[in-house]
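Q: Chains as they are written, first to last, in the working numbering: chain Z, 281 to 495; chain B, 281 to 495; chain D, 65 to 394; chain A, 65 to 394.
Honestly, the hints are just simulated from the structure, not real lab data.
It cannot be assumed that every hint is accurate.
The list that follows gives simulated cross-link-like pairs (lysine-lysine, DSSO-like), each with its CA atoms no further than 27 Å apart [what the hints assert, rightly or not]:
{"hint": "1", "chain 1": "B", "residue 1": "Lys403", "chain 2": "A", "residue 2": "Lys195"}
{"hint": "2", "chain 1": "D", "residue 1": "Lys290", "chain 2": "D", "residue 2": "Lys349"}
{"hint": "3", "chain 1": "A", "residue 1": "Lys292", "chain 2": "D", "residue 2": "Lys75"}
Incomplete in silico selection of chain Z near chain D, CB under 10 Å [to be verified]:
{"hint": "4", "residue": "Gly291"}
{"hint": "5", "residue": "Gly316"}
{"hint": "6", "residue": "Gly458"}
Computed from a predicted structure; not experimentally measured.
C-beta: ideal position from N, C-alpha, C; glycine also.
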Amino acid sequence: MTGCISKAELGKMFAQAAELIRDRSELLSHLDSQCGDGDHGTTMTRAMEFLENAIGPANRQTVSEMFREAGWGVMGVDGGASGALLGSFIAGMGDPPSGDEMDCKGLSACFGAGLRLVQNRTKARPGDKTMMDALVPAVEAFSASAENGKDLSEAMRGAAEAAESGAESTRNMVARYGRARYLGDKTLGCADAGATSIALLFRGFSLALVTKKES
Amino acid sequence: MTGCISKAELGKMFAQAAELIRDRSELLSHLDSQCGDGDHGTTMTRAMEFLENAIGPANRQTVSEMFREAGWGVMGVDGGASGALLGSFIAGMGDPPSGDEMDCKGLSACFGAGLRLVQNRTKARPGDKTMMDALVPAVEAFSASAENGKDLSEAMRGAAEAAESGAESTRNMVARYGRARYLGDKTLGCADAGATSIALLFRGFSLALVTKKES
Amino acid sequence: MRMKKFINDPKRLVPELLEGFALAFPARIRLLGTNTVVRATPKAAGKVRLVTLGGSGHEPGLSGFVGPGMLDYSVAGEIFAAPGAPRCIEALREACRDGGSALLIVLNHAGDVLAANITMEAAAREGLNVKMVLTGEDISGPVGDRRGLVGCVAVYKVAGAAAEQGASLDSCFHVAERMNRNMRTLAVAVRTATHPATGHPIFELGDDEMEIGMGQHGEAGTGRMKLKTADETAEIMLEKLLADLGVQQGDELLVLLNGAGATTLMELYLIFRRVARLLESKKIKLARSAIGEFITTQEQAGFQMTIARMDPELIRLWDEPADAPFFFQA
Amino acid sequence: MRMKKFINDPKRLVPELLEGFALAFPARIRLLGTNTVVRATPKAAGKVRLVTLGGSGHEPGLSGFVGPGMLDYSVAGEIFAAPGAPRCIEALREACRDGGSALLIVLNHAGDVLAANITMEAAAREGLNVKMVLTGEDISGPVGDRRGLVGCVAVYKVAGAAAEQGASLDSCFHVAERMNRNMRTLAVAVRTATHPATGHPIFELGDDEMEIGMGQHGEAGTGRMKLKTADETAEIMLEKLLADLGVQQGDELLVLLNGAGATTLMELYLIFRRVARLLESKKIKLARSAIGEFITTQEQAGFQMTIARMDPELIRLWDEPADAPFFFQA
Ligand SMILES: Nc1ncnc2c1ncn2[C@@H]1O[C@H](COP(=O)(O)OP(=O)(O)O)[C@@H](O)[C@H]1O
Ligand SMILES: Nc1ncnc2c1ncn2[C@@H]1O[C@H](COP(=O)(O)OP(=O)(O)O)[C@@H](O)[C@H]1O
Ligand SMILES: [Mg+2]
Ligand SMILES: [Mg+2]
Ligand SMILES: [Mg+2]
Ligand SMILES: [Mg+2]
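Based on the provided sequences and hints, a complete structural model is requested.
A: Right, dumping it as structure tokens:
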């Protein structure tokens, strides 16, 4: 396969992302401590460990049910702001009806629906120094690749790169949402914790697919 | 005069002692922090500042009334253990009836009576690592000098030296009274705070009398 | 500095601390499902239930205020992290189980608000009779989007008293809103705490600095300055609060002082002394007060000062009895 | 580390903090002369008055327990230093003013005992009807000369309840003595506090150490060891206390956990959880408990654990109402 993705692949994507985020947990908490309350690493680790278990071939539901429930479930790990938004993203991914397998366009539809649900729940937009600065470009890049007929792993690499440069760009932004919003100019200079973890999420997805392709 | 002491001299003695103790306040608190609660310097400073004001020519009472009231008053500055004992010593000094002036024997009788009242109120004896290790030898040395007809300033120098070597000897003792009593062998090695301040008290008395004689 | 806390597995901190809490107050509270604190004896049917949600690590609050005259349900999240919507909606379902209604009181913090909004969406879908109040009184933030700090306790108190007396959901909501509109809080911090899960300090502050405008979780504020005396600090903070609330001569105020964790009651007394004296000199009436540790931030040093303009009804509701583990009055 | 406390002139710390305390609880307490805290509404004539004395810097205790059902007079000393006999005798004169009688409750600390003995001498000379109880339950000290720690609060509670019910001086004395004989306390410290007057740390402790057997004022203890988990610490301390008191299966215990200042309620909940579970497994009954900050040592980190063997009368007295600023029950 170069264009198709099953629950097994989805499982590997989330497992790989969970591993990356767990490894960078200290860094994420450190970033959060600059402008927030210093817990983003532990929160994201808890959330990703939940998703790693919830998403994969062991799950007997349809893919859309799986996403919806996993999204709701990840909200239940008490992940503060990022848990609620990540949960919404995953839950929203369950909106488009989907069978047992998806192609690149199918996954792109899921990402798009996830993003829409997130956008319903926060007014933050790119430029506000939040996870949206990574999530929006990642989803857009993936969607463009899917439109252009790129294969999954290439599309995901593009999404990861877009997320990373989005996260990087938050350094020069002033926070307008989340706990950091009260700090004004003091938030200049350090990257947003949530955007950084979204970049890790897509990098994890991409690594899982690359590994698969090369093996 | 070489043998007579008036309220004016008593005032100078307490003023000089207060000055020494105020200057060494940090050291006294530090000693107390090794085996106690670290407040002996501030406590003694408060007590001595009270005595400095209470004892002197401005006081219109008889010397014994002056000592009795000053002793009771110094208890009122809330000086913890040392305040109660120092207060008892001063109050006890008022027991022997005394006129406006005293000679060396008269002062010796006062010291002796002060010590007796202290001994009524604590079971601590020399060797127990308390202020008694300085107070008892100081009073005894002063009394011996008075018996032997030494002059006041010589007698007081002897008392100060006895108090100092008494205080010094507490280094090798294990505390048996006061807050330090629970620490056992851990109290070896540092001098007792209360004994150190009694040594300063008598050194102050002695300095006041020396200065007077030489001037 | 190594973290010096008596904890076991940091991952099990919240269930363990709630278990200890429940064991310590068996006559007053119990646990419902995972990490939700409820009254040992539920409120009579037909009365409005008060529900709150928020992160843990701030003991005694928020769960310390569950009890007659105050809260019915406290949905406790992880350390400093809001609980998720799934558990919040469960609490609302319980609160409305017999066709009853619930007032959801939420402190304005990104995570809590997100969870609350998702919960309210679900509640609407399920047809539950719920209203939500968002508290936000931290004057270090912009009007319209201020953080919710210890003032929530006053909201729990007055809305709780109204609910206990059988007021309708609408009246409880309006009482809560009125309390919220009339209160202002400012926080100051002088020393950081360590996060019990990460073991790291939650912010950094110079050896001789203090910071005014600190958030509830050690989020940095905006008013860093040299350490001041008790009197100076009280004065700076009170003046800002009075100005922001537009307090006039003759107004009646409630004053709350909330220790952050390591600041002693001794210090809070000194601060309170100055506040009381200043109000007196300004002919502003100190109607009621509360002083202690209500919502802490681990062993952070500092405190929050809240003032609230009280009207006769708010005072009457404030004076009603309450019997929560950490808020008791006859 | 520089001291970071909100204070004004260190020399005026105690009068200022008491002034703030009185302003914060005007309906409950007021000040008498210099630094003595009394009830706002005195106890009815003819009933035994309870008087205590002790240093300040431990807020809320001891003065936080003045009120109906507990103390009548608290003579507050300087920071960590006993008040002098002159003020103590004034309080006793007041307490006995209408031919009444007083129970003087003193914690066993050198300075307090000296002041109390001098006071009792004076009281005898003046013919006042006073009895004195010396509390001492710190098992880190030798039997017969143990320090008085937070257990005094239990003594205030039961003797206060007896006095409120009109018990004679003798009965109040015997109740207090019985409570004292049946209680045991052990303290642990993990981080020192700074003395608010000197600005210095009151003891030193390694970065990974804790010390069991700490005194009330940060006096070093004797059981220094590596930092332990909440469960391990609870277990070590409880076992020592149970053994010392000779607790048997079926005994009924009161358990108090008293935070030293900076140790969070979160941690105390974890400790309490383990204590409750251990007692359960040993078939010892947890009859009553109290958890919080009663007698602190500035911002020291650590806590005191007290257990007390209760008989039916002690339980009944413990359950009586109390209305002190920091001990309230209906
Ligand atoms: N309103 C919001 N919209 C979008 N992203 C947000 C919002 N609030 C917070 N975030 C993101 O969440 C991150 C913080 O997450 P986390 O620390 O886990 O939650 P909390 O702030 O509740 O402690 C921020 O770095 C930001 O990227
Ligand atoms: N029972 C006692 N008998 C004699 N001296 C004592 C006794 N208790 C304490 N002291 C003396 O008092 C000193 C401590 O004084 P201080 O620190 O001022 O009082 P506290 O112990 O109340 O803080 C000790 O160093 C010791 O010399
Ligand atoms: Mg965070
Ligand atoms: Mg001392
Ligand atoms: Mg958080
Ligand atoms: Mg002392």
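Q: Next step is simple, just say for each hint if it's right about the structure.
A: Status of each hint after checking the structure:
1. For the proposed pair Lys403 (chain B) and Lys195 (chain A), the alpha carbon gap of about 22 Å is at most 27 Å, so the pair holds.
2. Distance restraint check for Lys290 (chain D) and Lys349 (chain D): the Cα-Cα separation of roughly 31 Å exceeds the 27 Å cut-off, and the hinted pair is therefore not satisfied.
3. The straight-line distance between the Cα atoms of Lys292 (chain A) and Lys75 (chain D) is roughly 17 Å, inside the 27 Å bound, and the hint therefore holds.
4. The restraint placing Gly291 (chain Z) at the interface with chain D is violated, with a minimum CB-CB distance near 22 Å, outside the 10 Å limit.
5. Here the hint on Gly316 (chain Z) is kept, as its CB sits about 6 Å from the closest CB of chain D, short of 10 Å.
6. The interface hint given for Gly458 (chain Z) holds, since its Cβ lies 5 Å from the closest Cβ of chain D, which is under the 10 Å cut-off.
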